[in-house]
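Participant: Residue-level listing of the chains:
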Amino acid sequence: MRWVVRGGQSSHEVEVERQGDEFTVEIDGQRHELELVSLDGAVASLRFLATGRSLQITYHHGSNGSWRVTVGQREFDLEVLTPAEAVEAVSAARDSGPSRLMAPIPGKVVGVKVKPGDEVEPGQPLVVLEAMKMENELASDQAGKVAAIHVVAGDTVEGGELLVELE
Amino acid sequence: MRWVVRGGQSSHEVEVERQGDEFTVEIDGQRHELELVSLDGAVASLRFLATGRSLQITYHHGSNGSWRVTVGQREFDLEVLTPAEAVEAVSAARDSGPSRLMAPIPGKVVGVKVKPGDEVEPGQPLVVLEAMKMENELASDQAGKVAAIHVVAGDTVEGGELLVELE
Amino acid sequence: MKLLIANRGEIAVRIIRACREMGIGTVAVYSEVDRLAPHVLMADSSFPIGPAPAAQSYLDMDKLLAVASESGANLLHPGYGFLAENADFAERVEAAGLTWVGPPPGAMRLMGSKTESRKLAKSAGAPIIPGLMEPITNISELETFVDEHGLPVLLKAVAGGGGKGMRVVADRDELAGSYERACSEGQAYFGDGRVYVERLVDSPRHIEVQVVADREGNAVYVGERECSIQRRHQKVVEECPSPVVGPELRKRLGEAALAIVKASSYHSLGTVEFLLDTNGEFFFLEMNTRLQVEHPITEEVFGVDLVQEQIKLALGEPLSFRQEELVPRGHAIECRIYAEDPLRNFAPSPGRISLWVRPGGPGVRLDSGVIAESVVPLDYDPMLAKLIVWAPDRATAMKRLHRALSEFQVRGVSTTLTLFRALVGMEAFRKADFHTGFLDKLLTSGDLEKLHGQQDPEAEKAAMMAAACLATASAGRLPDDLFAHGDDSSWWYEGTRLLHGRFPR
Amino acid sequence: MKLLIANRGEIAVRIIRACREMGIGTVAVYSEVDRLAPHVLMADSSFPIGPAPAAQSYLDMDKLLAVASESGANLLHPGYGFLAENADFAERVEAAGLTWVGPPPGAMRLMGSKTESRKLAKSAGAPIIPGLMEPITNISELETFVDEHGLPVLLKAVAGGGGKGMRVVADRDELAGSYERACSEGQAYFGDGRVYVERLVDSPRHIEVQVVADREGNAVYVGERECSIQRRHQKVVEECPSPVVGPELRKRLGEAALAIVKASSYHSLGTVEFLLDTNGEFFFLEMNTRLQVEHPITEEVFGVDLVQEQIKLALGEPLSFRQEELVPRGHAIECRIYAEDPLRNFAPSPGRISLWVRPGGPGVRLDSGVIAESVVPLDYDPMLAKLIVWAPDRATAMKRLHRALSEFQVRGVSTTLTLFRALVGMEAFRKADFHTGFLDKLLTSGDLEKLHGQQDPEAEKAAMMAAACLATASAGRLPDDLFAHGDDSSWWYEGTRLLHGRFPR
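Residue numbers (UniProt numbering), protein chains in the order written: chain A, 1 to 167; chain B, 1 to 167; chain C, 1 to 505; chain D, 1 to 505.
Please note that a few of the clues may not be correct.
Unchecked claim - Selected chain D positions facing chain B (Cβ under 7 Å, derived; list incomplete):
1. Leu151
2. Ala471
3. Thr472
Worth flagging that the hints you see were computed from the coordinates, not collected in a lab. From a predicted model like this one, the values you see are computed outputs, not experimental measurements. Glycine is no exception: its CB is placed at the ideal position from the N, C-alpha and C atoms.
My request is simple: use the sequences and hints to build the entire structure.
Facilitator: Right, dumping it as C-alpha cells:
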C-alpha cells in the first residue's frame, strides 16, 4: 500500500508490502525489510531483518489516520494518509475559515489576553485556563482577527466550551 | 438472584440484590451491604458499607459458573451456580462413569506408575510427566481399576492426549 | 492501631506501605473520582468524602474528622499538600483525640510565617540572606541598605509569592523608581504596598536539610538534598547528596538546621531549605513542617525509613538513630513524573492510563499513585509517580536513570518522562552545573525540543515506517481508536490542537 | 562494544540493564516462542536461533556462535543455566575471538568436577565433610571409616545427583546391607556401581560465599547468602546476610572461599557453597563458576553491581573494590516467583499473564523476565521473576516482604507467591529456625494448605460474596471467559481437575 506519512515538519511517501509479520517498506528511495509483531495492541517489536536491529515500540491509533508512536525514548505524532487523503488535507488547511478556540479541558478562566478586534499571530496566547492546579495558556493556531470573546476571567468552563472566535 | 456458591469443602446459598454498584447479599443468614466496582475487568474493589472495610479483589470468570477470586493474599476457585445447576452438578458427580486421564500439558512421559488391572485410590499417581524442567505426577481423581494405558515412559505427548483409562 | 490518611495519590500509597510494615491498620478517604485509586484499593478500609473538587473533599476538615471518628482511627497523617501545613487542622485533629503525625501546631504556625521563621532562624544563628527584617518605610532606608550590601538587590512584596511581586535592581540609578513601582505593584496585585529588600543571591542552588527530632529534644540531620532543577519554583528533579556539598559543608548546613529545630521546639520530620550561592555561602530560606515529596532519595542514601520514623515519633517514641550512625552511601536521584506534556508547554494531560510498563531491576524504586487503567483526574496535582534511582556514585546513578527512563512506557496520558529523557542527555545536568533558574531558562530557550530531537536521531524514520506498517496491517479494519476513552478523548484531541496546532487533524 | 546474551528470561534482562548502564550494545537471541519476551523487546538487536526446545536454540552452540559473528558481538555472557557452566562452550567462544564473561575454562572444568573440586578444597585448607576421597573398594574400608567418624553416614553413588542415589546409614548392623544396595542402585540407575562414604551432616544450613577475583590475583569475598529454604534441592528463598553468621564466622567462611579461589587460579564472579552444621562447623560443598540467581541480595546489602563488575573483569579491568570497603548494610531477602501452583503440588502453570501488578515503594526490587501479556512457555525453567526486599534489619525485611507480597497481583498463571504468603506468616521462617530439609518437610506434612487457610480467615466468605455479586452483574451477559486463552485454557482446566480434582467442573 502507498501512504503519505507526516510528522513534525516532514512528509514522506512510503510504500509498504506485507506478508504476515514481515513488511517491505520503501521510504526516501530506500528499501527496508522489517518484521513487526505486536504483544497486545499497544506494545510491539520492530526488527530490521538485515541487521537484527530491534526497537520496542508502543502505539496508539487515533482517528483520521493519526498514530502516536514511541520508538526508544521518543514519541511521535504522525499522520498516515492515503495519497488522496493527503491532497484533501492540504487543501482543507489552505481553505480554513474562521477559527474557534474551545476549552480543551474543564477549568477556570484566569485571564483573557486579547480583546475583540485584536490581530493575533499563530501561537499567541488568547486565554489562560486553570486546571490540575496549573495555569495553561491556550494559544491561537493561526493568524487572524479576534471576532468575539465568550468568557471573562473568573468563569468556570466545561471541556469543549467556546471561548474565542477568530475571523 | 439466588446462587449456590461452592468452594473447597463448603457450599453456601447466597441471595443477591443489585442496585448499580451496590449489592445486598444474604449468606448464612446474615445480610451485608456491599459495594463492588471494577477497575478493568480483572481488578475490583469490594467495600462493606457498614464498616468501610475495603478489599482489593482480582477475578477471572471461567466456564460453567467457575470463578477464580483473589481476596487479600488468598486465591479461591469457586463455583457460582443457580439452584437448578447445583442439583444437576451433584447428580452428575454421583453418576460419573469411567474416567480418562489426559495430559494436562505437553510433555514427556518419564514414568507410568500403574499397570492394567491395578486398583487405584483417589490421589494415587498414575503417570509422571516432565514439562517446564519439572516432573509432574498426574493423579487419579477417583477410585477405580485401570482399564488401559496408552503411553510408555519416553513418549512425548501433546496437551489433551489420552494417557490412562479407568473403568 | 489505625491511621487515617488525609491525602491521595502516591503519598497516600507510601503511607499505607509504611503502616502495613508496622502492623498499623489504614483508613483511606476518597473523592468521587478516586473510588478506584490505588490508595483506596490498598487500604484496609475506605470512606467517601465528597465530590472531586478538593475544597469539598480532601480539604474539608469536618468530613475528615467525621471519617476519623466513624472509622475509629487513632492517628492522622496529612501527607504533603492539602492540609499538611495547616496548623488549625492539626489542632482540631488533636482536639478530637487523635495523634497528629507531624510537628506540634505551634511550631507549624511559627515556621509557616515568612517573617517569624526568618527572625527565628536569625536568632538561632543560621545565616539569612542579608536584608531588612521589616518592610521599607522610606527610600533612605533602602539606600542605606545598598550602601552596606551593594547591588543587585531584590525588592519583594510582603504579600507576594510564587515568583510574583519580585523586582531585581542592579543599577543604583533605578533604585528609587523600582522601589516605587514595587510598592504600587504590590498594592495592585496583592492589596498590600509594603516591600522588603534583600540582597539578590545570583544563580543560587536550592539545598535542603532533612531533620528528624523527637519529643525528648533529640534531633539529627539526615544529610541534604539538592533541588535546583525547578520549573516555575516547583521542584522537578532532586538528588541526594548534593553534588556540591562535601562533608564539611554538610556538617555546617546540618548544624544550622538543627539550631532552628531546637529554637522552635520542633519535633517530627522537617526540612530546612537553604539557598547556596556561587561562593559556597548558604542562607536560610524557609522550613517545611511536613514530610517532603522528595524524602525517598534520603531514604535510599541513608538506609532509613522516614515515614515509619515519623509515625513512631508521633507515637512518642524516641529517635531510633543517632547522628553518627547516619552515614550516606552512594547517590540517589528522583524524577517527578507528571501528567503534563513538556513538548506542549506542560499542558495538563488527564485521562486513562492505558499502558504502564514500569522500570525495574537494580537501584530502581517507583513510588506511584497510579496503576494500569487508572484514571488521572483533572482536579488535583498531576503527579503520577516518583522514579527514584540509586547507584554507588552520581555518574552511575545518571546512567541508571537513563536506563530506567528507557524502560518506562506510559500510554494514554502524556508525561514529563519526555523532559527527563532530554535532561539526562545534557552535559550541564550530568556535570551538575545548574542553579534554580536552569530549567526555566532551558524551557524558554526552546532547547528542550532540540534536545528531544537529538536523541536517537534514527527514531523518527523508524516511527514512520512502523506507523505505515501498522496502518497497512489495520487497513480495512475499524480504527482501534485507542485514544478514545469516552469523554476523555475529545478534549485531549481538541486541546492538543488548540494549544499548539501540532497534532494532526 | 557489543555483548551477546546467550540466555533468556530475567537474567537476560538483568544483563541488558547492566550493559545499558555501561554503554555496551546488546544482542539478544530468542527461540520461536520468545519473539516478544522482554529480553528481546529491550535489546538493541535480536536474532532468532530456532524452535522452542532448548537443545535446538539456547543450547545450540553453533547457532549462538553464528549469531555472535553475524551481529559483530565482542563479548558473550552466558547468564546462569543453559551453557553457563559449560567449559567447552567457553573455549569455543574464546576461540571465536569473543570475550567470555565468566571464569577461565580451565577453572570451570576443575571446579565442575565433584572429585577434583573436593580435592582442591582440601588441599587449599577448606574444611570438607569427613569422607573417603575415593570410592569404597571393600566393606572393611567402610567399617574403618565408621570406626573413626561414627554414625550416621551417607553413602553416595559416584554418578548420582539431584538427591538421587543417596542412602543414610544410622545403624552399624545395616552397614554391609546398605553398602550392597547402594552399589546395586548406583549400577541400576546410573550405570556406575561405585559408592562414596561421607559423614552425614544433620539438619545443615546452606551458606554460600560470593567471591570476585580479577586476572591480577586480587580477590575479595562479598559476604555470604543463606539459601536453606529449598524444594527438592532447588533454592526458593535466599537471604543476605545469613541470620546465623556473625562477623567472625563471615571472615572464616570468606577466607576459606578465597583460599579455594586462589588455589584454582580463578577469576570473575563465583560462589563457594558450604554446609553449616548445627554446631557451627562448616564444610565445602561445591563451587558455582557463574553468576548466581540470587546475586541481587548481595548487591542490595553491599551496594555493589555484580553484573557490571563481572563484565569489567572479563574486559581485563582490575577489581573495583577492596575487601575493607565491602561493608554490609541491612538485610535482603529474595523470593523466586515460579509459574507453579504450590497448592497443587507445584504443577507447572504456563499461559498468558493477563494481570501483572508489581509491588513497589521503599526497599522493593523486582528482577522480572515477564511483563503483562507475556506468554510463559512450557519449554523452560518456570521462573518468572525475583522479588527482592531490603530493609535496615531482618525483622523489618520480613515485614516488608509481607507487604510487598500483599501488593503483588498476577492472573493468568498460578505462581509460588502463594507459598511465600504462607511462609512469611510462619514463626520458624521469621525466626530463621530452618535447615535445608525444612521446606520439603513442610510441603509433605500438608501444613502449607493449613497455613494458607489460616491467612485472613474472613477472606473466603468475602470471596464468595464477591463471586455471587460478579455472577449477578454478569448474568445475562456472555461469560467473560477470562480463563480461556485459546489452547492455553483447556489444559489448565483439565490439568487442574486431573491432578487433584479440586477445580469445579
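Participant: May I ask you to test the interface hint for Leu151(D) with respect to chain B, counting a Cβ-Cβ separation under 7 Å as satisfied?
Facilitator: violated, 32 Å
Participant: Does Thr472(D) hold up as a contact with chain B if the rule is Cβ-Cβ below 7 Å?
Facilitator: Hint holds; Thr472(D) Cβ to chain B Cβ min 4 Å, cut 7 Å.
Participant: Holds or violated: the hint that Ala471(D) contacts chain B, with Cβ atoms closer than 7 Å.
Facilitator: Holds, because the Cβ-Cβ distance from Ala471(D) to chain B comes to roughly 4 Å (cut-off 7 Å).
Hint compliance for this structure: hint 1 is the single one not met.
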